[in-house]
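> One letter stands for each residue in the lines below.
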Amino acid sequence: MPLQLINTNVEILAPVGSYESLQAAINAGANSIYFGVEQLNMRTRSSRSFEISDIKKVVSICKVNGLKAYLTLNTVMYEHDMQLLKSILKEAKNEGIHAVIAADFSVIEYCSQLGIPLHISTQANVSNIESVKFFSRYADVVVLARELTLQQIDSISKEIKRQQIKGPAGALIKIELFVHGALCMAISGKCYLSLHTQNASANRGACVQNCRRQYIVKDIEHEQELLIDNEYIMSPKDLCTIDILDQLIASGVDVLKIEGRSKGAEYVQIVTTCYREALASIRNGTYSADKIINWKLAMSKVYNRGFWEGYFLGRRLGEWTNNSGSAALEKKVYVGKGSKYYSKIGIGEFEIESGSIKMGDMLMITGPACGMVKERMSKLRVNGIETNVAVKGDKISFPFATKVTANNKLYKIVNSNNE
Amino acid sequence: MSKILHYRSKCIGCGFCIEQQPAYWCMSKKDGKATLINSVGKNGLFILSIPVIQVQQSKNIAAACPVRIIKVQ
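So the protein lines, in turn, are chains A and B.
Position 193, counted from 1, in the first sequence is what my numbering calls 193; the numbers after and before it change by one each time, with no gaps.
One gets my numbering by counting positions in the second sequence from 1 and adding 1000 to each.
No lab work stands behind these hints, which were simulated from the structure alone.
Just so it is clear, CB atoms sit at the ideal spot from N, CA and C, and this is done for glycine as well.
Some clues are possibly wrong.
Unchecked claim - Between beta-carbon pairs, the in silico distance windows are: (1) A:I52 - B:M1001: 33 to 43 Å; (2) A:Q83 - B:V1052: 29 to 39 Å; (3) A:I216 - B:A1063: 19 to 29 Å; (4) B:S1028 - A:P399: 46 to 56 Å; (5) A:S356 - B:G1044: 31 to 41 Å.
Assemble the whole structure, with the sequences as input and the hints as a guide.
Quick look at the structure:
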């Protein structure tokens, strides 16, 4: 792609479901993050670590580190949610949130009244220019439906420029797109399977992920079971666009959104880093097949269900995974937690609560201050004495750059097939 | 005597318990979560003693709670 056609202001938007993930997003060089509080967001069941009182801290950390903070309020809203919604928006406004991501018109209306910048969620299923034009009265950014093709995205993007469709801030509407992470088997998340089977509405963030299970297909009349190659008949592989990222950017996408608020800090850090590097490579003309192989390998080591490029290249049916959970090449095994930090000499102490570690093991430490750090165990001290192995109950210490508290978790990285 | 236990902080405000057992549950307008009427609460756990005749209905509601935060003991 000619360099002059590249939008150099493309933003990388990382998912944040915990303070560990927030620091991981900062470490990885994200331009912005999105997070949810209380029960009015689409990860209510799987990621509930933030409350209203956390808005201040999250926004403050983002501002200090030069990131934008977006708050998701994108569930279906009922009458009884209005007071909580207003309380959340009031706090968000007071703390200077950069934008709210919404689909329900009550949120759109309240944000408009309060003067809070608005982004239209993918839950609104925006798939054409007239919808973009409609939402431009309220929002500056529109997250397009994940089921569009590159040509459709390109057409919407060109029409925004041709028709000069601008948002309340006075700038042309920006297009945001999910570029990586889990996909829903239903269009734009509008799924009723979870409500039908477990009384748990996916549209209230309580999805129990029925689609991720194995199923058989049986003809009741003749009691014949259909032979199918893959019993995970509804579980889509994860979206991964790192090998078509140049085409996505050429189609006019302004914000690259990564899914995964309920995933770990290591996922956020590695995936965000890969997309930031890929974007930099596209900008400086060094985007290559070799680099793509390496990025995909790096991302395949953290949580994933196998990758495909989604619907962007015109595929009408999804590609289904053949795994019950993650297909990650590596997995993290919990070993212990932080216990003390000697700040003058920069030594962290961790208590082993499960299993053991030995010299040469690859360790991963997560925490609110460090995000995610990986390092190979090169010097192991147990209770102050150098040794080769540490077991449950031991306290180990090693040099560590950031403060260690009980919120730091210590993991051992092992290959997934080495059970 | 049996008890309903409600781990309230994880409530997503679906309103199912209120529809099914309105004498015991109401929706808080303040935070959009279900409230167990007349219960005694401590550290986010709310407890209410119930008569035997209400146990089965309460168990049905506990089983239907989408986030499994209602228990009957």
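> Hint by hint, where does the structure go against what was stated? Just the numbers, ascending.
Failing hints: none at all.
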